[in-house]
Amino acid sequence: MSNDKQVDSGRRVLLAATCAAGGVAGLATAGAFVSTFQPSERAKAAGAPVEVDIAGMAPGELRTVEWRGKPVWILKRSQEMVSALPKLDDQLADPKSQRNPDELTPEYARNEYRSIKPEILVAVGICTHLGCSPTTKLQPGPQPSLPDDWQGGFLCPCHGSTFDLAGRVYKNKPAPDNLQVPRHMYAGDTKLVIGKDEKGEA
Amino acid sequence: MGFVEKKLPADAPVSAKALNWVDSRFPLSKLWNDQWGQYYAPKNFNWWYIFGSLAMLVLVIQIVTGIFLVMHYKPDANLAFASVEYIMRDVPWGWLVRYMHSTGASAFFIVVYLHMTRALLYGSYRKPRELIWLFGVGIFLALMGEAFFGYLLPWGQMSYWGAQVIVNLFSAIPFIGPDLSLWIRGDYVVSDATLNRFFAFHVIAIPLVLLGLVAAHLIALHEVGSNNPDGIEVKDNLGPDGHPVDAIPSHPYYTVHDAFGVVIFLTIFSAVIFFAPEMGGYFLEYNNFLPADSLKTPPHIAPVWYFTPYYSVLRATTSQFMYALIAGVAAYVALLILKSRLSGAMKMVAAVVGLAVIIGMLVFDAKFWGVVLMGASVVILAGMPWLDHSPVRSIRYRPTWHKYVLILFGITFVVLGYLGVQAPTAGRTLLSQVCTFIYFGFFLLMPWWSRAGQFKPVPSRVTFHPH
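Chains as they are written, first to last, in my numbering: chain H, 1 to 202; chain U, 203 to 669.
Derived from the structure by calculation, the hints contain no laboratory data.
Just so we're clear, the structure is a prediction, and the values are computed from it rather than from any experiment.
Treat the hints with care, since some could be wrong.
Ranges between beta-carbon positions, derived for each pair [what the hints assert, rightly or not]:
1. E287(U) to R110(H): 12 to 22 angstroms
2. Q91(H) to D381(U): 47 to 57 angstroms
3. K219(U) to S35(H): 55 to 65 angstroms
4. V34(H) to A220(U): 42 to 52 angstroms
5. D381(U) to A21(H): 37 to 47 angstroms
6. S35(H) to W249(U): 47 to 57 angstroms
7. K44(H) to F228(U): 44 to 54 angstroms
8. I528(U) to G10(H): 58 to 68 angstroms
9. G612(U) to P101(H): 45 to 55 angstroms
Yeah, the Cβ is synthetic: ideal placement off N, Cα and C, and Gly gets one too.
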């Protein structure tokens, strides 16, 4: 029959509409599956602030606490350590903490020692390159994988990035940024709260 | 058309009748004959041609041992490490199954790297075998995914920090990066959620893709026919029976040949499993016998050996190296414009893309470009069929110096691999940067060097001496 090949435009419209509706439903379903990959409500709720008592920490002592599954370092720096910090400025990539300050350095830590109290450094011990935890190399002087004029700081074992005692990254290293200073506050003289400051929780 | 079943004589054996019954309903004999039994392969295969069959064997070993490991393993951050030790100590013969699986992973990469070397030597990726090669690159990528996801499962220190580094690679992508790596992990750090999804990828999602690609690889191969060490088309010279005169049916000839290769392979494989399953820290790293600790990175972390060449490329990309890369991109675009046979429009495209890349290199961190180069060092393999412009396929009839180019590439690959397991120093970083240039130069300059020099005459029949 000759009208076998004639296109029924009404049916063609229905066909297109059906395909469009099916496509939308398919995409929406795919969206649901993609969303299951996001952090669950339980994972989101697990990020509560942590309280640490720092009474009795000796100068040069480093304590690691867990916050949101990450290591947070609390380093009590000696007077000499703090006064040596500004001398390193020309060897550092971002000595004044100007890159991504909102993420990496809260306002009260945008100073030359990157902390509220000059001697107490609070920093997330995760390298800004690919997320390894740097090892502490507080001892100054020549040692393997470090320059001979090493002033003490941190060395990332994965790709060799180095950080000073304020968590500031040295120049020409794989890590682009300084270590993150988490939002923190003092709830008393020796009680530190990590993950929360006067503006609320991080 | 009605259903017609072939009539066998009444006194035919029961097995023949059963086969006939099946063949009338499912093309069993036809499949066997097309894919292997009556598949005519060139008769001049040498020992390089064993690795395809061996890769198939290792795939079967990995699937079978994997199924048995899943029966005892627990994909739970609190239980995973202990369940692997339980397999090693308490499950009867569990250590054997686990060592077969872990050694099988390294064996898979050894076999596949040799299989790819064969293709490079004899031009097996050239027309009309481009799709075989592309499916092969897909298999290689799936294999890398499989190895990466699987390595997290024992939940040791290397598992944990290796996954942390690789997932964080994605955070280097401008704008969407941090959210993307969060989405991949499903948590703010590598955690139970990450372990569970990696388990799902490792035991079901990637294996399904892998099997599909292997089937496509073989179907494409058996459609166009195998290449051979002389790189000539055996189908150009058909005998009176319609089959190539220089080819023989795979069964029984290559069945026996492969069985012999399998015996040698299994001898070596067993020796490794029983005497050196950790291979001095290369197959199973020492740090992975410590449970994962999210607060402490081991002092020296390196990926398993089969990933280290690409990992070296990642580490070579420092902020100073970016200037060398910019110069390299500019020089390459100039070469394309001045010395290539591309059309004017394509040259414009090359210039625009080159300029965009250079601007991107000035704008974005070296960290991002390290990730891009690492990805490119794997994916660039897919370009081989179109990069190689040599008039002959096989290295046998190319100018002798082409062999040295190939050897230089091989050495570069091994040096990059070696540097990837070593701790970085200034000298090693410089060496890895030189090697990165040679590595990419080999591929990107191939359209020019592959057609240069004095080519040797190609024979019309394969080189074959009966034993």
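Under the constraints set out in the numbered hints, which ones does this structure not fulfil?
1, 2 and 5
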